[in-house]
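In order, the protein sequences belong to chains Z and W. The first sequence: position 35 = 35 (our numbering), numbered continuously. The second sequence: position 370 = 370 (our numbering), numbered continuously.
Do not rely on the hints blindly, as some may be mistaken.
Here's a subset of chain Z near chain W, in silico, CB distances under 10 Å, partners left out [as the list claims (entries may be wrong)]: (1) 3; (2) 6; (3) 11; (4) 18; (5) 21.
No lab work stands behind these hints: they were computed from the structure. Since the structure is predicted, the reported quantities are computational estimates derived from the model, not experimental observations. Ideal Cβ placement from N, Cα and C applies to all residues, glycine included.
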Amino acid sequence: MSVKQLPKWNEMAIGGVIANPGNSLEYKTGDWKVLMPVIDQEKCTRCRICWYVCPDSAILELDKSYITKKGRTYKVTYDVNYDFCKGCGMCAQECPVKAIDMVPVEVA
Amino acid sequence: MEELKTRRPIPLSTNYAIAYAARDLDVDVVSAYPITPQTTVVEKVSEFVANGELDAAFIHVESEHSALSAAIAAALTGARAFTATASQGLALMHEMLHIASGLRAPVVMSVAMRSLSAPISIWNDQSDIFNARDAGWVIMFVHTAQEAYDTVIQAYRIAEDPSVLLPVMVAYDGYVMSHTTEPVVVEGRESVMKFAPKRQYPYRLDPDRPVTIGAIVPPEYYYEIKYQQVKAMEGALPKVDEVDREFGKAFGRSYGVMECYMCEGAEALIMANASYAATLKSLLPDAWKQGYKVGLLRLRLYRPFPLRQFVEYTSNVKSLLVVDRSISYGAPYQGPLANEIAGAKLKEDLGFNLISVVAGIGQRTMENEDFIALARLAWEGRTRKFPETVFYGVRE
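Generate coordinates for the entire structure from the input sequences, incorporating the hints supplied.
See the structure below:
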């Protein structure tokens, strides 16, 4: 978004006060990242370690089943909320089965 | 009869006059750290709290940085907060000065102006306040104990006004005023609170209406929030004038934002504030007798600067002598106020000759004849240029 489209000085609360609680969700911090985690659903054993270690709660535990090529059925699927993932790589580092790859973000 | 009795003047130092104002304003929180020559302000306030005349939380803090931090926080919870300081204390507050104005906390602080170390000097000059001038506070200079009492009352009306919401400093000379006793009419709680009822910070901390105060602000927003302060300061100018006029209606005393004394027929002016303005008022008649038709331009409101009034008073004089009691080392004019006046002169295309004088540094005594000498210098300035700042009275 262009800076010019943001609120004017007299459209903002004085003193930088934030009067609408919880609005940090509107501030997408994910565009900082250089590397993005990509989860290989075939390798993932659903151990949940990535979900635990993510400092930004950007690992999503989706209520979505997945059947591997070998026929194993998982009830949940792990995904990444790229709006808030900063690309720190902790999930990839900690994954015991190396199911997470850090791949360069393509800049448009 | 009762009314008459309460309106009789009582002898008070400027420090005590300010403490009485805080009492009559029913301040809720006082946080302060003792520093000469301000100490007796908060000593007196603590007495009022101790003897039950004032129902306030008196916070004993470990430094001036904490004193102002606590006052800001108190103001943001919706309390009426007061603090007082001077010199090194004001310098130690410097970081919090910007935070008070940036968060738009309507804190009122009295400053008994004093020189800054090093070398250590406990005496008066105005180095402390001129170092704080760009911190976004409304700054008012007073020249009598009565005006100090009255201006602290006006200050809360200004600070807490929803169109302003800026912190206000009320400044006066250390010792020369802070410890000098004068007759002061003390109006009392009832009439003062009628004039200055409490108006709270609109986003005050309240668990039922959660807000975030003091969040980090990225480059896309910071500039606009600082520009809000620019506009608030512009808006404060007519508000100060309006509050002063209303004060005049309520109590019979008003001061204006800038005062021109003995200006009728004057060809030269001396711009001075606080005690120097008071002294000049008593000495200018002597100067006129000696042939120096010099008026006094008393700076009362300093931030925001009352430029319209300044132009009105100076557009027909031949010279303007600006007395600074602080030094802006290495500046084009080394008196900080003179430097600004040079800017105003250029901006408004004013024709007077500007004379920058530094005097009274570290409370170097200015005798009566020294003030007459300033009048003579202002008078000479009508026909003679003074390109450099005059360091009056320095041994060289």
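These are the hints, each one checked on the structure:
At its closest, the beta carbon of residue 3/Z sits 5 Å from a beta carbon of chain W; the interface hint therefore holds under the 10 Å criterion. The beta carbon of residue 6/Z is positioned within 10 Å of a beta carbon in chain W (closest approach about 6 Å), and the interface hint is therefore held. Satisfaction of the interface hint for residue 11/Z is found here, the shortest Cβ-Cβ separation to chain W being roughly 9 Å, below the 10 Å cut-off. Here the hint on residue 18/Z is kept, as its CB sits about 4 Å from the closest CB of chain W, short of 10 Å.
For residue 21/Z, the interface hint holds, the least distance from its beta-carbon to any beta-carbon of chain W being 5 Å, beneath 10 Å.
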